[in-house]
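First to last, the sequence lines map onto chains H and L. Quick note: the first sequence, position 33, residue 32 per numbering that gives the first Met the number 0, numbers continuous. Quick note: the second sequence, position 117, residue 116 per numbering that gives the first Met the number 0, numbers continuous.
Just so you know, not all the hints are guaranteed correct.
Partner residues are not named here, just some residues of chain H that face chain L (Cβ under 8 Å, in silico) [unchecked claim]:
(1) 16
(2) 30
(3) 34
Partner residues aside, some chain L positions facing chain H, computed with beta carbon under 7 Å [said to hold, decoys possible]:
(4) 226
(5) 228
(6) 229
(7) 230
(8) 233
(9) 251
(10) 253
(11) 273
Computed spacing ranges between beta-carbons, pair by pair [claimed, not checked]:
(12) H:31 to L:190: 39 to 47 Å
(13) H:27 to L:40: 28 to 36 Å
(14) L:64 to H:52: 36 to 44 Å
(15) H:73 to L:272: 53 to 61 Å
Don't read these hints as lab results, they were simulated from the structure. Predicted, not measured: the structure shown is a model, and the values here were computed from it. Note that beta-carbon positions come from the ideal geometry of N, C-alpha and C, so glycine has one too.
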Amino acid sequence: MAGPRYIADPEETVRSVELDGLSVLFHEPSGMTHIVAAPAPEILEMLRAGPADAAELLRRLRARFEFEGNEAEAAIHARLDELEAAGLVRRA
Amino acid sequence: MRHQLFLQIGPVSFRIGSAWGEPLDRLARLYAGYPEPEAGLCDFTVRLEPEQPWRRWFRPSVAIRGDYILPDAAPLSLAHGLLAAEMGMNLQMALGQKRYLLLHAATVEKDGRAVILTGESGAGKSTLAALLGERGWRLMGDEFALLDMASGMLLPFPRAVSLKNGAIRVMEAEVEASRFGPLLAGTPKGDIRHMRPNRNALARMGEGARPALILFPRFGEAGAVRAVGRAEVFMRLTQASTNYVALGSRGFDSLNRLIAACPALAIDYPDTATAIGLVEDFRQELAA
C-alpha cells in the first residue's frame, strides 16, 4: 500500500538563504522562519515537482544525489514528519 | 493628562503624559538638552496614570499605559516614576515599532563603523557601551539597535542609559554628577540610576552608521574570543529582536543583509578593561 503523498509550497512563497551550510527559510504563508539542514532543502525542492509519497520522493532524490547505506527510506520518513510538523510540507 | 513632556530620541518621538508633575520634572532634568519633536506629532504616547482615580492622592502608584499595552506592565510606586516612564517608552518601542528592525542590543560607533553588542540580560553590554561612549566612541544606544530596513543603516536611539547595581559605581567614577538621575533603590530590577549620554551622542542623534561588527559579550569568564557561525547569529538575533516576527519577510531580508555585512564574535571577558581593549583591537582590524 502506498503511503501518504506530500506537497510543498511553491518556491516563490519560501525565501531561502544559505548560511554556513545551513539554510534559513522564511515561509510566507505562515510568517514563520525555520533553520534547516540537508536534506530538508533538497526534499522541498523535489516536492515542488509535484506531490509524492516517500518512495517516489526517494526515487527523485536518487536521480540527483548519491545515497550510502540502506537507511535512506527511514531517514526520509523522519525528515518528512519533521517538515510536516514545521508546516513546510503537507499531505496532498 | 495634566502634565506633558515631548522628547525626540534619535528618529523616534514620544509624548509622555502624567497625572503627577514630579516624575515628569525628573524626566525633564534627566533629558535636558534633547530636542523636542517637530510639528508636535509623536510616534508614541506613554501615559503614567493612577491605578485607580483616587490613588493619585492616597498611596500613589503609577500604572503605565500608552498606544500598546502589556498586561504585566505592573504599577510602580510614584517614587519610581522615572523608571515607569523608561519602561513605558521601551514598551511602546518594543511593541509598536514598524519602521525599523529592533534588536535588543547596545550600539557604539567610531570612524563611521557601528558595533552591535547583544546577548543575554546581565552580560554587561549596557555598561560596556556606556564606558566606550566615554572613551572615544559614540554611544548610539544602550537598549535598542534600530536597523533601518530601507538603507541597512543603524540609527541611534540614545535614551538615558539605565545603569543597574554594580554598573552604577563604575560609571559614577567616569562621568560628571550632573548627567545622573536620582538613585532608585529597591526597584524590581535592583538599584537603578539613569545616566544621560554625553554631548557628542546627543548632537549626533540624527546620524546613522553602517553596521560593521556584531559582538556577543559575556562578563565574568576568562578572556576568550570565538567566531560565531552565521546561522547561529541569525538565530540569536531573531531572539534578540522584539519585532522580527511582526515585520515578516522585510525583517527576514533585513536580518540577512546585516549578517552578510558583519562578522560576528562571541567575547568572554573578566573585566571591562579587557573588553574595551578587545573592542579597540577589532576596530583596528576592521580599519586595516
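Item to check | Supplied contact hint for residue 226 of chain L, tested at 7 Å Cβ to chain H | outcome: violated, 10 Å
Next on the checklist: Tell me if the interface restraint on residue 16 of chain H is satisfied: Cβ within less than 8 Å of some Cβ in chain L.
Outcome noted: holds, 5 Å
Item to check | Interface hint outcome for residue 273 of chain L [beta carbon to chain H under 7 Å] | outcome: The hint is violated - residue 273 of chain L has no Cβ within 7 Å of chain H, the shortest such distance being about 28 Å.
Item to check | Status of the given 53 to 61 Å range, CB of residue 272 of chain L versus CB of residue 73 of chain H | outcome: For residue 272 of chain L against residue 73 of chain H, whose Cβ atoms are near 55 Å apart, the range 53 to 61 Å holds.
Checklist entry - Does residue 233 of chain L pass the interface check with chain H, least Cβ-Cβ distance below 7 Å? => result holds, 5 Å
Item to check | Status of the residue 251 of chain L interface restraint (C-beta, 7 Å, chain H) | outcome: Holds, because the Cβ-Cβ distance from residue 251 of chain L to chain H comes to roughly 4 Å (cut-off 7 Å).
Item to check | residue 64 of chain L paired with residue 52 of chain H, Cβ distance criterion 36 to 44 Å | outcome: violated, 55 Å
Item to check | Range agreement (Cβ of residue 40 of chain L with Cβ of residue 27 of chain H, hint 28 to 36 Å) | outcome: Given about 33 Å between the Cβ atoms, the range holds.
Item to check | Supplied distance hint 39 to 47 Å, evaluated on CB atoms of residue 31 of chain H and residue 190 of chain L | outcome: holds, 40 Å
Item to check | Proposed interface contact between residue 253 of chain L and chain H, which counts if any beta carbon pair is under 7 Å | outcome: violated, 11 Å
Checklist entry - Would the stated hint for residue 228 of chain L survive a check requiring a Cβ distance to chain H of less than 7 Å? => result holds, 5 Å
Checklist entry - Taking the closest Cβ pair, is residue 229 of chain L under 7 Å from chain H? => result holds, 4 Å
Hint compliance for this structure: hints 4, 10, 11, 14 are broken, all remaining hints hold.
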